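Spelled out from the first residue to the last, the chains are:
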Amino acid sequence: MKTHTAPVTGPDAGIDLAGIPAAEALAWLARMLLIREFESTAGPLAVAGAIPGGMHAATGQEAVAVGVASVLGPLDVVAAPHRSHHIALAKGMDPRVMMAELFGKAAGCAGGRGGHMHLADFGVGFDGSNGIVGGALGIALGAAFAQSYRRDGHCSAGFFGDGGANTGRVWEFVNLAATWRLPLIIVCENNGYAVETRISDAMAGDTIAGRAAGFGLPAVQVDGQDVAAVHRAAQQAADRARGGDGPTFIEALTYRLLGHDIGERGAYRTAEEVEWWQVNRDPIARLKAALQLSGDLDETGYGKLAADAAGPVQEAVRFAQAALLPDPATVAEGVTGLPLKVRTGP
Amino acid sequence: MSSRTTLSRAYRDGLAEEMERDPSIVVLGTDLYERGGHWAQVTGLGQQFGRDRVRNAPISEAAMVAAGAGAAMNGLRPVVDLNFLDFAFGAMDEIVNQAAKARYWWKRPVPLVVRGTTGFAGGGAQHNNPVETWFSHVPGLLVAMPSTPADAKGLIKTALRGDDPVIFCMHKMLTGARGEAGGPDDLVPFGQAAIRRPGRDVTVVTYGVMVRKALAAAERLAGDGIEIEVIDLRTLMPLDLDLVEESVRRTRALVVAAEDYRHGSVGAEIAAELQETLFGELDAPVLRIGARFVPVPHSPVLLDALIPGEADVERAVREALTIASARRPR
Chain C
56 MKTHTAPVTG PDAGIDLAGI PAAEALAWLA RMLLIREFES TAGPLAVAGA IPGGMHAATG
116 QEAVAVGVAS VLGPLDVVAA PHRSHHIALA KGMDPRVMMA ELFGKAAGCA GGRGGHMHLA
176 DFGVGFDGSN GIVGGALGIA LGAAFAQSYR RDGHCSAGFF GDGGANTGRV WEFVNLAATW
236 RLPLIIVCEN NGYAVETRIS DAMAGDTIAG RAAGFGLPAV QVDGQDVAAV HRAAQQAADR
296 ARGGDGPTFI EALTYRLLGH DIGERGAYRT AEEVEWWQVN RDPIARLKAA LQLSGDLDET
356 GYGKLAADAA GPVQEAVRFA QAALLPDPAT VAEGVTGLPL KVRTGP
Chain E
18 MSSRTTLSRA YRDGLAEEME RDPSIVVLGT DLYERGGHWA QVTGLGQQFG RDRVRNAPIS
78 EAAMVAAGAG AAMNGLRPVV DLNFLDFAFG AMDEIVNQAA KARYWWKRPV PLVVRGTTGF
138 AGGGAQHNNP VETWFSHVPG LLVAMPSTPA DAKGLIKTAL RGDDPVIFCM HKMLTGARGE
198 AGGPDDLVPF GQAAIRRPGR DVTVVTYGVM VRKALAAAER LAGDGIEIEV IDLRTLMPLD
258 LDLVEESVRR TRALVVAAED YRHGSVGAEI AAELQETLFG ELDAPVLRIG ARFVPVPHSP
318 VLLDALIPGE ADVERAVREA LTIASARRPR
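Chains as they are written, first to last, in the working numbering: chain C, 56 to 401; chain E, 18 to 347.
It is worth saying that the hints were derived from the structure and are not from the lab. A portion of the hints provided could be inaccurate.
Cβ-to-Cβ under 7 Å is the rule here; a few derived chain E residues that face chain C [said to hold, decoys possible]:
hint: 1; residue: Ala88
hint: 2; residue: Trp122
hint: 3; residue: Phe207
hint: 4; residue: Ala211
hint: 5; residue: Ala322
hint: 6; residue: Gly326
hint: 7; residue: Glu327
hint: 8; residue: Ala328
On a predicted model such as this, the values are computed, not experimentally measured, just so you know. Heads up, the beta-carbon is just placed ideally off N, CA and C, and yes, glycines get one too.
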């Protein structure tokens with residue numbers, strides 16, 4: 056499906072938690088709440104200018120990141136596009152160094168040199184977010200190549216969006232991954248809009264997964280607002296990758312509830328459309344409802360999870376606010392390992 | 018230990034020796050395993066190291082370089098062989114936006130080599146772009162351009178033992194250039210130019226294919242008692258301005274002879290730096306030899322009209338000396 060106006064899983068839109076331990080589903084919910092809290096807190100700070108350079112919020116897309124990360128360990132590598140807070144946090148990145156990077160502080164993961172589009176923590180297997188559409192899939196491709204060369208049994212996941220599905224590089228990457236049978240999970244977060252361009256105005260053919268199938272690898276569409284569905288698809292993909300059976304393409308149908316940029320006032324979609332997704336397909340509300348239905352969560356328990364998410368984010372803001380700005384005298388340091396000795400003039 | 022060989026062969030031998038030493042080195046590109054590359058640059062390495070380490074790739078430059086950059090960030094030392102560096106245009110994002118920046122952001126080393134040919138030859142406009150200068154304008158990349166077999170071997174070894182992304186430029190017309198090459202541990206450092214011929218009258222800074230033309234011009238000028246000092250830059254990033262300056266302090270005149278377009282070139286950078294630091298010590302303006310600013314034409318007579326030659330070097334040296342002689346004490 057190219058448009059995002061029809062239900063994607065069936066009339067009740069419920070989440071099937073069969074076979075998933077309650078503790079695991081609760082951990083997913085906690086992580087999604089942390090992501091939601093992080094972006095809900097950082098967004099106004101970006102609008103106010105405390106966070107320079109703007110921000111891309113993934114609010115509404117949390118289940119894709121958490122579902123994929125749920126099958127990965129620290130030695131499995133993930134790379135993410137420009138909208139990446141959810142993926143970084145899902146992979147286990149410390150919200151404090153993320154927030155400090157957003158603030159442009161020395162304690163940020165790039166020392167204030169990157170910003171929100173260049174988050175990374177190689178210690179948890181997060182090989183960076185990426186400001187170039189489709190670019191992150193290439194980094195994950197390379198990580199998977201290294202894993203395959205070493206035969207170390209690990210795998211990588213590369214994320215991009217429906218916008219990336221219209222770049223040539225993405226399909227070069229898919230072809231090479233399939234040709235070399237690399238342990239790569241290719242994740243397209245189809246949120247329906249490339250910045251402000253509706254996918255139906257930009258894409259020939261039926262589905263992105265349909266395009267991918269032409270490369271001879273398993274290509275599936277999943278409900279990206281259903282964390283359990285994403286988890287199951289990712290688990291199959293990871294099993295294939297680790298077993299030497301090559302890459303899998305997952306098109307996760309999702310939706311961003313906020314603008315492309317934080318503070319955006321776009322006229323490209325209706326308030327009714329956004330509201331429909333908010334009411335019917337919020338991944339957090341759906342998981343909460345499923346856990347309530349199974350008797351594993353009540354309102355008190357949910358309130359506690361939400362409070363637990365708020366704590367680390369407030370701590371991250373305090374950490375970022377208190378952190379030092381980078382020393383301007385260091386601006387030219389560490390460009391390469393070998394000193395370049397480029398002169399600066401009088 | 019040294020032996021007489023060709024530039025292409027010396028590169029290949031340097032790569033092979035490093036692959037023997039370091040199992041994390043892997044070469045990928047089109048037509049490598051069986052053919053040995055389009056310039057015989059990896060002849061026999063497929064049989065020697067197997068398909069896993071000498072990998073044929075689809076004609077997907079973005080994918081090849083992305084695979085190399087991502088793998089370099091994750092413990093491998095890939096050599097992405099594009100055959101022609103003109104084909105790097107299909108992977109500019111992967112080179113410029115990905116490989117070149119990871120260290121600045123995250124202190125993450127990216128030990129990636131992207132190798133290919135550059136420079137003018139027959140074959141038309143799309144296979145002969147002189148692109149070496151483009152990459153020296155990108156913070157985060159190193160750029161090597163050897164003119165001798167010894168440097169081709171020594172520089173690729175240094176590249177493969179370093180931690181930075183390197184654009185390794187080999188001029189097509191030097192593929193069969195003969196000369197000595199060093200042994201397994203003869204490394205040529207980046208950022209150290211070489212004086213190919215000492216001289217007292219004019220410094221000629223050059224690199225790549227123009228080194229031989231400058232040396233030929235030096236022979237002709239020597240017949241008239243003019244002794245030029247020929248400096249081979251060897252790497253364009255880092256650029257060894259210190260040696261150039263030291264030489265020009267002695268000769269008080271400088272000609273930059275590159276095959277690349279004059280406009281916006283490494284020669285322009287050198288001229289600009291030298292007028293800034295040695296303004297009072299120059300007896301003549303810095304003169305530059307370079308190609309006319311046109312796409313590379315097909316017809317050999319047009320191509321000859323484009324490519325700077327030894328006569329151009331000779332003429333520029335004589336002009337510099339004419340200007341200088343009016344200012345020099347007798």
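> Is the shortest C-beta separation between Glu327 (chain E) and chain C less than 7 Å?
Replying inline: Given a least distance of 31 Å, the restraint on Glu327 (chain E) is violated.
>> So, as I understand it, the hint says Ala211 (chain E) touches chain C; can you test that by seeing if any CB pair is closer than 7 Å?
In response: violated (17 Å)
> Going by Cβ atoms only, is Phe207 (chain E) closer than 7 Å to chain C?
Replying inline: holds (6 Å)
> Under the criterion of a CB-CB separation shorter than 7 Å, is Trp122 (chain E) in contact with chain C as hinted?
Replying inline: holds (4 Å)
> Can Ala88 (chain E) be said to touch chain C, with a Cβ gap under 7 Å?
Replying inline: holds (4 Å)
> Against chain C, is Ala328 (chain E) within 7 Å by beta-carbon distance?
Replying inline: violated (33 Å)
> Taking 7 Å as the limit, does the beta-carbon of Gly326 (chain E) come near enough to a beta-carbon in chain C?
Replying inline: violated (31 Å)
>> Quick check on Ala322 (chain E) please, does its C-beta sit within 7 Å of some C-beta on chain C?
In response: Where the cut-off is 7 Å and the nearest Cβ of chain C is about 35 Å from Ala322 (chain E), the hint is violated.
In summary, the structure is inconsistent with hints 4, 5, 6, 7, 8 from the numbered list given earlier, while agreeing with the others.
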